[in-house]
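**Q** Chain residues, written in single-letter form:
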Amino acid sequence: MEIDGTQVLVRTITDEEPAILMAWLALLKEGGSLQTGRIREAELQTQAKVVLGQLRDALASGQSDFGSEAYASLRETLGEISRSRAIQGFSSTDTAKFVFSLKEPIFEALGRTQAGDASLIAAATRSASRLLDRLGLHTMEVFQTSREEVIGRQTQEIAELSTPVVRLWDGILALPLIGTLDSARTGVVMENLLQAIVDEEAEIAIIDITGVPTVDTLVAQHLLKAIAAARLMGADCIISGIRPQIAQTMVHLGVELNVVSKATLADAFALALRRTGRAVVRKQAAATTASEDRR
Amino acid sequence: MDRIPILKLGGALIVTIQVDMHDRLMLALEEDLTAKIASTGARGVLIEISALEIVDSFIGRMLDNIAAISRVLDAETVVVGMRPAVAITLIELGLNLTGIKTALNVERGMAMIQARLDEDDADGLGSTRAHRED
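Just so you know, the protein sequences line up as chains A and B, in that order. Just so it is clear: in the first sequence, position 254 is 254 by my numbering, and no numbers are missing. Just so it is clear: in the second sequence, position 50 is 50 by my numbering, and no numbers are missing.
Any given hint could turn out to be false.
[Stated by the list, open to error] Pulled from the structure, derived: some chain B residues nowhere near chain A, Cβ distances all over 12 Å:
#	residue
1	I4
2	N65
3	R83
4	A122
[To be verified] 16 Å max Cα-Cα, derived EDC-like pairs, lysine to aspartate or glutamate:
#	chain 1	residue 1	chain 2	residue 2
5	A	K103	A	E76
6	A	K49	A	E76
7	A	K225	A	E191
8	B	K101	A	E203
9	A	K49	A	D15
10	A	K225	B	E92
11	A	K97	A	E30
12	B	K101	A	D236
13	A	K49	A	E16
Just so you know, the hints here were simulated from the structure itself, not pulled from any lab data. Ideal Cβ positions, reconstructed from N, Cα and C, are used throughout, including at glycine.
Just chain B, with the same shape it has in the complex (with noise of 0.2 Å):
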């Protein structure tokens, strides 16, 4: 089966959908970053789908997850470059993915990345293992 790759970038995992999503796709995903972002001990999690047409509340929903999950191992989640009929379904779907953070392309996302990535190691607090894995 096919995976998503994730991609590693300073700080930061990227993971860019270019693919019609199905579910268990998006469930292999899920488990995926989950153990990268363990892993690698990134803080920020950058997902791009612009180019993802369709979606379904299973889509909506496993987004929300991946990002709780990553929250509770301390990495934001910035999905960035929604469509607009992706981002209409997903309110007439009652799905308002409250919990993530969005940006309008992949630049101003990692600008939000980068913002926290900086205000951590200002305060001394960078994560230890995303700077010795560099």
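Bound-form chain A, shown alone (with noise of 0.2 Å):
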């Protein structure tokens, strides 16, 4: 077949601008891209202007091949817009609609300006059709792309969160771990646990793994290794919040800790109070016992 389709797709876009315009917009709303609240129509009509406008432009120069140098700009513009609406929340489905629904207007304006010559129509529907499927997978990329930056980004951010040190008293330090204890992890933990030892002349440092979902021969590892690290440093540690079924768990994987473990926070620090020479004293009892002395 020696019909272009691109001339006549160019043609079409170039004189029916307007209507495919209109038409789009008309099918986007129709398909609720705008009910979620997340996009203005005018900020939504200018996107689908300018994809238009850039589309046509890219067409002018001859080109149908989607990743040649003329679509440059198309490329940018579709990767801004799916880029923005991976962060705002947009689905998958919303995002992919906004490029295929301009399939539809397309076709239509292809059957108005070429009516009766079939051969014609169907040259231009196809490359239309292989050009706005190329658009529709990048946008789908950039789209994957952006939300995997998004969870790539909220994992380090959890695990930077999720790793404080706490000082409880005078050289008494807390550590509550949430989450799992993976190598990387383990070795932020140690790090923050270590300089704090050091900024808090610390002797004692308390390790709570409450928040620890699973404890198997691994992170017992992990925690084996902080508490050696530390010992080093010339501080002990203590282990509390090993939860019974935790327990269980390990004494049945046959994993052993070696250490001080103590069943809550508390218990543990009332152990830390004790080695460094202190105890808390209930003032009532206090005076309890004052009121008795002096009958």
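Mind docking these for me? Both chains are given alone in their own frames, and the hints should help you get the complex.
**A** Following this line, the structure appears as structure tokens:
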């Protein structure tokens, strides 16, 4: 077949641009793109107009390969739209619809302008379809990459947030661990703990594992590493917050921690106070004793 | 060859490592320290390593060796001031140095040694030589 579909397509889009844009926007609105309230109508309109304009310019250059230089600005615009949608929390269907709903208005316009010449319509439809599929795929690819970036950033933030070292008293630190311990996190935990020991001149560090969902041999090994490193710095460690099920699993797995462990953070803190020569005394009790003395 | 000085303070010996350790220096330290413990009858050895930035498995093992030798000669070794990075390295090398006592700084390390000396004195078992040489 010798008919150049791209040529027909360029002509149609140039001639019928306002009509295509109108139909496209109507379809987008119908599809519910505005209903979620995440994007305003004016914004959607601008986006659609820019994309269509750039598509026309790119087609006018005579290129039909989406990877070529002529489509660079269109790729960028679509990437930008896709990325912002990923961050705004659009679903992948919504994002894909934005591009794919352009198909129908273009096909209609082709039907109007090339009325009667079936082979021309077929050729133009084929090239339009091929091109828009590529646009859609590109959009999805960028969308997915952006989503993965968001997830990656969140993972990192969680890792940073979930390893605080808290000062409970002079020379007593607490390290409440939350979430699964893997090698990467153990590294961060260990560094934080050791640095805090230096900064606070701590004698005792309490590692609270109430928030650790499972303790297997690997997690135990990681914990032991941190404890051994703290010992080398001259600080003792106490483990607290081992839940009953975890204690059972640990014994069944044959995991041995060989360190002082207490059921709750409170117990561990009491032990730490005792070891550093302190005691907690109830004020009321002291008052009673005093009154008894007077009697 | 330069050597690491060993200072005597009461019943304790104090070693501070201020230079980059290399293997020969460490071997010389082990030798000197052993001789010094034997000659002074010291009951405690304090090794201060806060300036030590780089350790390898050899240095780690030698620290363990020194502690073991001291124990044979009835002296307790306390390593103080280890940097976080050094501690992590030693653990990653699999050296837990379980035979060594540790403390965060010289003050606490000396308190640990002093506690042992006091205990011995209370029992009337303080080293005769250590006091004679004072």
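**Q** Next step is simple, just say for each hint if it's right about the structure.
**A** Here is what the structure says about each hint:
Distance to chain A confirms B/I4 as a non-interface residue, since its nearest Cβ pair spans about 20 Å, more than 12 Å. With a closest Cβ-Cβ approach of about 16 Å to chain A, B/N65 is found to remain outside the 12 Å limit, as its non-interface label requires. With a least CB separation of 8 Å from chain A, B/R83 falls inside the 12 Å interface cut-off, contrary to its annotation. With a least CB separation of 19 Å from chain A, B/A122 remains clear of the 12 Å interface cut-off, as annotated.
Among the hinted pairs, A/K103 with A/E76 is inconsistent with the structure: their alpha-carbon atoms are about 20 Å apart, more than 16 Å. Between the alpha carbons of A/K49 and A/E76 the distance comes to roughly 15 Å, so the proposed pair stays at or under 16 Å and holds. Simply put, A/K225 and A/E191 have alpha-carbon atoms about 11 Å apart, close enough for the 16 Å limit, and the pair holds. For the given pair, B/K101 sits about 13 Å from A/E203 by alpha-carbon distance, which is consistent with the 16 Å threshold.
Distance hint between A/K49 and A/D15 is fulfilled; the C-alpha atoms sit about 15 Å from each other, no more than 16 Å. Distance restraint check for A/K225 and B/E92: the Cα-Cα separation of roughly 8 Å lies within the 16 Å cut-off, and the hinted pair is therefore satisfied. Simply put, A/K97 and A/E30 have alpha-carbon atoms about 11 Å apart, close enough for the 16 Å limit, and the pair holds. Between B/K101 and A/D236, the direct Cα distance comes to roughly 11 Å. Compliance with the 16 Å bound is thereby established for this hinted pair.
About 13 Å separates the Cα atoms of A/K49 and A/E16, which keeps this hinted pair within 16 Å; it holds.
Hint check: violations occur at hints 3, 5; the rest are consistent with the structure.
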